[in-house]
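Undergrad: Given these sequences and hints, build the entire structure.
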Amino acid sequence: GENVEQHPSTLSVQEGDSAVIKCTYSDSASNYFPWYKQELGKRPQLIIDIRSNVGEKKDQRIAVTLNKTAKHFSLHITETQPEDSAVYFCAARISGSARQLTFGSGTQLTVLP
Amino acid sequence: ETGVTQSPTHLIKTRGQQVTLRCSSQSGHNTVSWYQQALGQGPQFIFQYYREEENGRGNFPPRFSGLQFPNYSSELNVNALELDDSALYLCASRIFGQNYGYTFGSGTRLTVV
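Quick mapping for you: the protein sequence lines, in order, are chains E and R.
For the first sequence, our numbering begins at 1 and goes up steadily by one.
For the second sequence, our numbering begins at 1001 and goes up steadily by one.
These are computed hints drawn from the structure, not numbers from a lab.
Mixed in with the good hints, there may be bad ones.
Stated by the list, open to error - Every beta carbon over 10 Å from chain E, so not counted as near; a handful from chain R, in silico:
hint : residue
1    : Val-1019
2    : Gly-1028
3    : Arg-1063
4    : Leu-1090
5    : Val-1113
Claimed, not checked - Incomplete in silico selection of chain E near chain R, CB under 8 Å:
hint : residue
6    : Thr-102
7    : Ser-105
8    : Thr-110
9    : Pro-113
In this text, a Cβ means the ideal position worked out from N, Cα and C, and glycines have one as well.
TA: And the structure:
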């Protein structure tokens, strides 16, 4: 089955700096890669996603890049703000009937004021 | 605010007992997936239901079972609870066939003592 590895597990940045979180996946049949933000005690919320036919996608301060050859994808947050502090999860989905998501282990991002 | 609601929000059970968790999907969403999120980890896929039938299952034993009803609400049942079953249980709904749009509920925090 699919395996997703996520790094780093914790990340601290100064407010205004950029943050980068990286994930690798194992199954080349994966075709959809969402990123979720989860604040303490709350549900995961989709912040951005990318499909395998696209190399990069941007939404304001957030961007995701995908390298299918290397089987890795990254989340980039620019001009970080304290409210960006949360746990971020990457996920990958293999094409198929169930289309379940396989999640990484999460990155605790702390933005220091 | 998300249309996916879960109940109860918190639950404490004794080892060996049985538990039923409930999920009401977002309007129009005919597919529901259940995930287990242990503390400090990413969600793990349990199973998925579409048209009241299970159509995908992760690496969970048969004592984890589910139901989906005609109104697209669903239940997760866990028999013979073990201490390791303590986790946040999340349901996610979507429209079958769509390549995106997994909407998560806020989860049920289950503690097994």
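Undergrad: If you take the shortest Cβ to Cβ gap from Thr-110/E to chain R, is it below 8 Å?
TA: The hint is violated - Thr-110/E has no Cβ within 8 Å of chain R, the shortest such distance being about 15 Å.
Undergrad: Quick check on Pro-113/E please, does its C-beta sit within 8 Å of some C-beta on chain R?
TA: violated (25 Å)
Undergrad: Let's test the interface hint: is any C-beta of chain R closer than 8 Å to that of Thr-102/E?
TA: holds (7 Å)
Undergrad: Can we trust that Arg-1063/R is non-interface, i.e. its beta-carbon lies farther than 10 Å from all of chain E?
TA: holds (19 Å)
Undergrad: Say whether it holds or is violated: Leu-1090/R keeps its Cβ farther than 10 Å from all Cβ of chain E.
TA: violated (7 Å)
Undergrad: With d taken as the least Cβ-Cβ distance between Gly-1028/R and chain E, does d exceed 10 Å?
TA: It holds; Gly-1028/R is separated from chain E by about 17 Å at its closest Cβ, greater than 10 Å.
Undergrad: Return the status of the interface hint for Ser-105/E: holds when the least beta-carbon distance to chain R is below 8 Å, violated otherwise.
TA: Hint holds; Ser-105/E Cβ to chain R Cβ min 5 Å, cut 8 Å.
Undergrad: Does the claim that Val-1019/R lies outside the interface with chain E hold up, using a Cβ gap greater than 10 Å?
TA: holds (20 Å)
Undergrad: Please check whether the beta-carbon of Val-1113/R is more than 10 Å away from every beta-carbon in chain E.
TA: holds (20 Å)
Hints 4, 8 and 9 from the earlier list are contradicted by this structure; the remaining hints agree with it.
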